[in-house]
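Visitor: Residue-level listing of the chains:
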Amino acid sequence: MHSNDTMKRRSFIKTAAVAGAVAGTGLRTAEAAPKRKTLRRDFLRVGMIGLGPYSHAMAYTQALNDPAVPPRTNMKVVAVWGKADKYASSFKGTAEWKQKRMTELSSYMSTDKFTGQLGVKNVVKNPEDMMKHVDAVFITDPEDSLNLARPFLEKGMPVFINRPLAWNIRDAREIIRLAKQYGSPLVTGSCIPWMNEIQVAHSRIDPEMVQHYYVDGSTANFGSYMPHILEMAQMLVGGKVVKVSTHGMTWPADEDPLSIPPVMVHLEHAPIKDRNPVVGVASTWFGQPYRNWSKVHLDRDVLEQGILWEGQIGNVSHDEHLWLPILRVIDKAFTTGEWPQDADTVLNKVETMLMAHKSGVEGGRPVKIDEIESHSLPRFETEKA
Amino acid sequence: MPEKTFPSSQRVLRVGWVGTGPFSFYGHYIRVINNIFRDYNYLNMRITHIWGDDYRKNYAGSPEFVKKQMDFWSNDEHSPQGIAKMNNIPNVCKDYREMVGQVDAAMIMDFDRAYELAEPFIRKGLPIFLCSPVALSVPECERILDLAEANGSAVYTGSFTAGMPENEIRYHTIKRDKVASFFASTSLGFYTSYANDGLEPLHWLMKRRIKKVALHGWDGSKGYDPHGIPPSRMNLEYEPVDGKPPVQGVLALGGHKQEMEWYRMYYDDHTVFEGTTSWSNYELTFWNFMTNIQQVFATNKSLETRQDILDKLRVVIAGYKSANEGGRVIDVDEIGDYRMPTVRIEKWNVIPD
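If you read the protein sequences in the order shown, they are chains A and B. Residues 1 to 385 in my numbering are what the first sequence spells out, letter by letter. Residues 1001 to 1353 in my numbering are what the second sequence spells out, letter by letter.
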C-alpha cells in the first residue's frame, strides 16, 4: 500500500509543481492559461475513532475534508465512531450539567455534519467495523486509547493518537510495543509543538545551550490542554523530563474540571553531559496577544516566541495555522512509515503528564519519573475546580 | 576626596556602618551616601563610623578559596580601612559598640549577627536599617523587632532593588487586585542576598502575603551558600483573597539574561503587565532606597510594618528550607527557627568536608 500510494503522491506533487511554476510566470489570461486538468488522487482513507470530550475528530476532519478548499494533505476522513452512551460516563457532576455537556458534545460532534457537510461515508457501531474502510486511524478518545488502537496496531496500520497518548504509563508502553512489533507508524501529541512559530524557535535552539525556560498557554482543563504547554516545552528545549512539581491544583485526582485556575508546573530535565539540569516552568494562564508563549534562556542568548490565536495571522486560515502543521506530520508518517518522534520522546510526553498530575494532586510534591507506575490521569470531566 | 559642603540649615545625620562582610553589598551604599560622585550631596546623612568583623567564619572550602576571599574582603575597596579612605569616613572602629554614643542611626549589614550588632543601638532608641536578609531566623528577627518596639527604635529593612526607579514606578501602575499569576526573575550571585533582590520588589509589587514556597533546581548545598547556584525557581503561592484562587507566581533565580530583573504579571483578564529593571549607575540605582532609609533615620518612623519585615524573611527562609528538603512545599508558618546559611562555599555541588 505504501509504495503504491507514495508513487501516486509523487505524481501529484510533480503535477502540482508544474502548475505552480506556470502560475509563477504571471500568465493570467484565458488564452495563456493551460487547460485545467482534473487530477486523480487516491487519498489515504482515515477513520476517526472517538467523539468524546477530549476528541479533535471534528476539527481534524474539517481540516482534512473541507470541501471549500483544495486538498491540503493526502488524507481524507471516511469513517467515524463514537461511544453509544454519548459519553455519559466521561462526565461527573449534577445531572443538569452532565446533560448540558452531553448535548454540547453531541452537537459539536454531529454525525450529520460528518456525513452531510464533510463527506464522511461511514458511521460505524464498533471501532473494528471501520477496518475494511480505512488505511489509517486517528484515536481521539485518549482515555481508552490502548483498547481502541490495539486492533489497528495489530494490523500494522498507521495510527495517530490524540494527546495524551494514554491515561497511564502501562497503556502507553503497550501501545508503543504493539506499534513497534507490528510496524505501525505511530504519531501522538498536541498540535501546538508542530505549529510554525514553535518549529522556527525549535530550529534556533541548541539543546546543549539551554539553561532554563518559561512557557504558558491557554488552558481549559488539565488532561486536554496541559499537553499543549508541556509538549511545546519539550519540543523547544529537548531532553527528557525526569522530575515535575505542580502548584495550584485544588481538585480531586479523578476529576478534570473545565476552567482551571492558574497552575504552575515546574519541570526538570535530565542533565546533558556535565551541564546543570535544565529547569523550566509552564503556566496554564495565557497572556494576550498570544495563546501560547515561550521564553528560553540559552547560555548567551534569550529566545522569546509567541503563538497568536488561530486565525489571527493575516490571510492564513484557522486550519492552516493551527491544524495543518500536525496533520502534515501525520500525513508524512502515515505515508513513509517513519515515526516523527522516537519512542522515548513519545513515552516521555505521557511520563511528564503523569508526573505533573500526580504532583498536583499531592500538593506540589516533586514527583520523579520512577513514581508514576500506578498513577492515572483523571477519568471525569467536571464543571469547576 | 574632600567632604562636600551643605547648607547649615540642614542637619546631617551621623550613621554608623556595622559590618563589611560578604553579605554587606560591598559597602557600595556608602559611595552614594557619602557622595563620592559629585560636588553636591542630596542626602542629609553620612556614614561617619565603620566597623568590620573577622569574616573567616563566613567561608569554607579549600585553603586557596578561603584565602582568596579573605584577600578580597581585606583589600583597599572592601576592608573597613579601605572603605573609610575611599568615602571619607573619619572613624574606623575596632568594636561596633564604640560608635553607639556617636551616631544618630546605624546600618546593620552583617545579618549573621544581626541581633547582637543591632542591640546597643536599639537600646539607645536609635533607628536602624537591617540589610537583607535581616536575620538568621524568624525568632531572631522577632527579638530585634520586640526590642525595637520596647525602645522606640524604628526598623527599616531590605534590598536596594525595592527602591529602584523602574520598580517604584511599577508599584504605582500595577493593578494588583487583578493579578492571577506571574513570572519574574532576578540575577543571582548567592542565595542569601540575591534571592532577596528579587523577592523584595515582589513584596511591594504584590502587597500580599506569600503562604507557600517551593524552590526547584537547587538542592540547598547542605546548609551552605555557594557562589552561583544552578538556575532555579521559587514557586510563590499567595494567600487567597476575596474567594479567588491563590495567585501562583514564579521567581527565577540566576541564569543568563540581559536585564537584572524581569516581571511578567498576568492579569485575570489575560492582559499582561511586563517590565524589566536594570542596573544603571550607583546613584540612580541606590538613590531612592537611600532616601527611604534617610527618612526613617530622620523621623525614627519606619516605612514598613513588623509584618512586612517578618513576611519577607519567612519567604526567603522557606525557599532555602525547601531547597534543602528536595523542593518540598513549605508553608511559611512552619519554618520555626530554621536558619539561613551563613557560610559561603565555592561551588554548589562541591560540599566541604
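Calculated from the structure, these hints are not laboratory results. Check the hints yourself; a few may be wrong.
[Claimed, not checked] Under 10 Å between C-beta atoms, here's a sample of chain B residues computed to sit facing chain A:
#1 D1268
#2 E1274
#3 G1275
Keep in mind the model is a prediction, meaning the values are calculated, not measured. Glycine included, every Cβ here is placed at the ideal spot set by N, Cα and C.
Visitor: A separate judgement is required for each hint: does it hold in the structure or not?
Guide: Structure-based check of all given hints:
1. D1268: Given a least distance of 9 Å, the restraint on B:D1268 holds.
2. E1274: 8 Å, holds
3. G1275: 13 Å, violated
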